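All chains, please: the whole structure from these sequences, using the hints.
Chains W and V supply the protein sequences, listed in that same order.
Whatever position you read off the first sequence (first residue = 1), add 2 for the working numbering.
Whatever position you read off the second sequence (first residue = 1), add 20 for the working numbering.
Simulated from the structure, these hints should not be mistaken for lab results.
Be a bit skeptical, because a hint or two may be false.
Straight-line C-alpha distance at most 20 Å; calculated EDC-like pairs for lysine to aspartate or glutamate [unchecked claim]:
1) V:440 with W:182
2) V:166 with V:105
3) V:58 with V:143
4) V:182 with V:150
5) V:440 with W:176
6) W:128 with V:335
7) V:58 with V:162
8) W:274 with W:35
9) W:161 with W:125
10) V:110 with V:139
11) W:124 with V:335
12) V:127 with V:105
Everything numeric in this text was worked out from a predicted model, so none of it was measured.
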Amino acid sequence: MFNKANALRGSGAEAHRVPPALDATEAALQAHERDKILTKHHFAPEEHPCVRIEHLMKTFDGETQVLTDVNLTVWPGEVVCVLGPSGSGKSTMLRCINLLETPTAGHILIEDHEITGHLPTKEVNKLRQNLGMVFQSFNLFPHLTAKGNVMIGQTKVLKKSKEEAEAEALKQLEAVGLLDRADFKPAQLSGGQQQRVAIARAVAMHPDILLFDEPTSALDPELVRGVLDVMRDLAENGGMTMIVVTHEMGFAREVADRVVFMEGGVVVEQGKPDDVFDRPQNERTAQFLGSIG
Amino acid sequence: MGQTWRYRGKRFAIALCALACALAILVPTTAFGLTTNKATARPNEDGGSSVIGGLPTRLTWEGTVGTGEKVTSVTLMLPEGGSFDGSTTKVTVLEGLSRAKLDGEVKVEGTSLIVAFSEPATEGLLLRLEVENMHFPPDGGDVAIKGSYVNQSGEQELEESKPIKTIANTPLQALLASLDANPVVEAWNSSPFLGMFFKPQLLVTAFATLIPGWLLCLAIVCIAYPFAIILGLIFALMKISRRRLIRAIAIVYVNVLRGTPLFLQIYIMFFGLPMMNINIDNNVLGVIVIAINASAYLAEIFRAGIESIPPGQYEAASSLGMSHMMTMVNIILPQTIRRVIPTVTSDFITSYKDTSLLSSVGVMELMMFAKNLTSVSGNMTPYVAAAIFYLIVTLPLIKGVTIIEKRMARSERGGGPRPKVKAKSADAAAGGQDEMGTEPSLIEALSAPFRPASTDIAGMGGVADVQ
Ligand SMILES: Nc1ncnc2c1ncn2[C@@H]1O[C@H](COP(=O)(O)OP(=O)(O)O)[C@@H](O)[C@H]1O
Ligand SMILES: [Mg+2]
Numbered sequence: 003m004f005n006k007a008n009a010l011r012g013s014g015a016e017a018h019r020v021p022p023a024l025d026a027t028e029a030a031l032q033a034h035e036r037d038k039i040l041t042k043h044h045f046a047p048e049e050h051p052c053v054r055i056e057h058l059m060k061t062f063d064g065e066t067q068v069l070t071d072v073n074l075t076v077w078p079g080e081v082v083c084v085l086g087p088s089g090s091g092k093s094t095m096l097r098c099i100n101l102l103e104t105p106t107a108g109h110i111l112i113e114d115h116e117i118t119g120h121l122p123t124k125e126v127n128k129l130r131q132n133l134g135m136v137f138q139s140f141n142l143f144p145h146l147t148a149k150g151n152v153m154i155g156q157t158k159v160l161k162k163s164k165e166e167a168e169a170e171a172l173k174q175l176e177a178v179g180l181l182d183r184a185d186f187k188p189a190q191l192s193g194g195q196q197q198r199v200a201i202a203r204a205v206a207m208h209p210d211i212l213l214f215d216e217p218t219s220a221l222d223p224e225l226v227r228g229v230l231d232v233m234r235d236l237a238e239n240g241g242m243t244m245i246v247v248t249h250e251m252g253f254a255r256e257v258a259d260r261v262v263f264m265e266g267g268v269v270v271e272q273g274k275p276d277d278v279f280d281r282p283q284n285e286r287t288a289q290f291l292g293s294i295g
Numbered sequence: 021m022g023q024t025w026r027y028r029g030k031r032f033a034i035a036l037c038a039l040a041c042a043l044a045i046l047v048p049t050t051a052f053g054l055t056t057n058k059a060t061a062r063p064n065e066d067g068g069s070s071v072i073g074g075l076p077t078r079l080t081w082e083g084t085v086g087t088g089e090k091v092t093s094v095t096l097m098l099p100e101g102g103s104f105d106g107s108t109t110k111v112t113v114l115e116g117l118s119r120a121k122l123d124g125e126v127k128v129e130g131t132s133l134i135v136a137f138s139e140p141a142t143e144g145l146l147l148r149l150e151v152e153n154m155h156f157p158p159d160g161g162d163v164a165i166k167g168s169y170v171n172q173s174g175e176q177e178l179e180e181s182k183p184i185k186t187i188a189n190t191p192l193q194a195l196l197a198s199l200d201a202n203p204v205v206e207a208w209n210s211s212p213f214l215g216m217f218f219k220p221q222l223l224v225t226a227f228a229t230l231i232p233g234w235l236l237c238l239a240i241v242c243i244a245y246p247f248a249i250i251l252g253l254i255f256a257l258m259k260i261s262r263r264r265l266i267r268a269i270a271i272v273y274v275n276v277l278r279g280t281p282l283f284l285q286i287y288i289m290f291f292g293l294p295m296m297n298i299n300i301d302n303n304v305l306g307v308i309v310i311a312i313n314a315s316a317y318l319a320e321i322f323r324a325g326i327e328s329i330p331p332g333q334y335e336a337a338s339s340l341g342m343s344h345m346m347t348m349v350n351i352i353l354p355q356t357i358r359r360v361i362p363t364v365t366s367d368f369i370t371s372y373k374d375t376s377l378l379s380s381v382g383v384m385e386l387m388m389f390a391k392n393l394t395s396v397s398g399n400m401t402p403y404v405a406a407a408i409f410y411l412i413v414t415l416p417l418i419k420g421v422t423i424i425e426k427r428m429a430r431s432e433r434g435g436g437p438r439p440k441v442k443a444k445s446a447d448a449a450a451g452g453q454d455e456m457g458t459e460p461s462l463i464e465a466l467s468a469p470f471r472p473a474s475t476d477i478a479g480m481g482g483v484a485d486v487q
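Here it is as structure tokens:
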């Protein structure tokens, strides 16, 4: 449970001189060794990480440093829950993975493919097809029905036929328990239903990785359950690789393979859920978990 | 003032008569036994100067007796359809400038009027027949008064008069005539305010006369507006472009057009282009000016609309892998269009009203017709009629904007009717297949707020559309 990030933590000026990303195979072996004790994930031999974040740094407007030095490796099929106080940079990290924010320094590799640096727009769009994102505020397209929301990415981006896209949409809506709401507009759905449609929309693109940014934070308490059930189903039965920023401790403890605690733009602590929740090594983690629980 | 104008007409007629008399005396008499000097009719059009067939008017006929003639009777004949029935005729015989002691007995037989003199009219006498309440044929056209006279050697053909121009008695003319005769209308018009602004006869005339101008207004704005929308959209997208030069061009275009009066823009275009030897048809140029002017306002409306879409929409579209273009076309613009429909409709109303400024450069639109009719009649009623023509279009649109705004507010809160919940998942999977397509086309998006509420939501998701 040694936290490497802490050791590497340095001032902003140093963080600019980021060492280059390691050779994929060598890095895989190293990360493999390092993460073995941090996660419940069962490693396959020769397995390569889905997401590799090395020394990620992000500054806004050249001054506010939000991410100082983030290091994180996520393996295929792994469910990683990211915890941390508000403003610690969780959303920013997630958005960097999706290139919704451009990292200031450091490396992000998706399936051993470097996405940092100047990527042509076409490649960015291609990359995003492999990364599903679920937002705190749902961000459904209000002019489309639930079904239309799930279909549009398939028809426009994946160029599927209408029939195919619709069949897929209905399948995904059924999976989130909203088949009977297929023709409803977002405004006519409850927050929980909207978030489930948003999940269906992301899943219908068959991404390799799903990113969740506090998917239940904007929901009334009684609606949280339904959304978490859908996510649990995806994790347990769908075998989906997921990075979930959440404040739902119960969910994190039950579903996550690994829990990551972030604060001040660095990963302060990470480990198996029971380890982190019951025996936090870092004082800040303990404090945070104490204040929450 | 309408009255004054009529008096002026009368005075003019009298002057003509006097002139005719003078001529009759001065000009040596011809070889004809009875020369037709003139045949005129009094205008009976309200607010106009035409002679309308089928409606009562006064016919004045004059003839001079030739050398050595003794005329005992004169017969005037109207073409088929005209009538002397119910008319009263004043017979005047003049010798020089004084009345001759000569009486005439008048007999009417449908289209002919026979005047028999008490004693033969002799050389140099001027015969004047003023037939009140006679009717010309209702079909209109040029009417020449024919007839005959009887002299010492028997019945002679009468020289045909110069034709009198008459116009057809349309339902409109008939209506005007009945209004003229209506005592209530007369009482109404005697009020200075009502008579000046709401004179029924002029209102009717104006409605008929202004229609071409009204249609031109509608045509100008309806043709200009689609171009304005396209131009506006282009400049809106240019304004939010990432390139500074493109942004600058759009900003200059929009600000110059919004910062100067339309009146000035019209003058520059209508007088400037001909000076550069570019000659464009007035109406086409009108369309161009209105389109360009409206496009600047629309660009601002669209830009504000696009920027009002929350960034989450771009992010959601991006994270699906959509390109910027795809996002604009499929996600942002359809939402923008809904949002801006009320504002765009208001702007359409403004543009429609602004066509009135084109009257200043001779485009024959509504205001032009109203102005002309007012200057002829000296009455404000044509302007009131023009106001009604503007309101016919603007009031329903204003109402429509209110309804749309209410409906949008309601649907944003999640109100409004909901589609039927599908019964069973198995049925739904099969039943859902016939409802293809989910993205509304641009046209659907545009028309959505206008559709009846019950089909609004179902229509968006259910109707098949072409990609
Ligand atoms: N676009 C931005 N511009 C400037 N500051 C930002 C921006 N986005 C986020 N921040 C700042 O970064 C910090 C971390 O934000 P965020 O990643 O959203 O934290 P979290 O999701 O952990 O609550 C916050 O202090 C926030 O104000
Ligand atoms: Mg956040």
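- Failing hints, ascending? none
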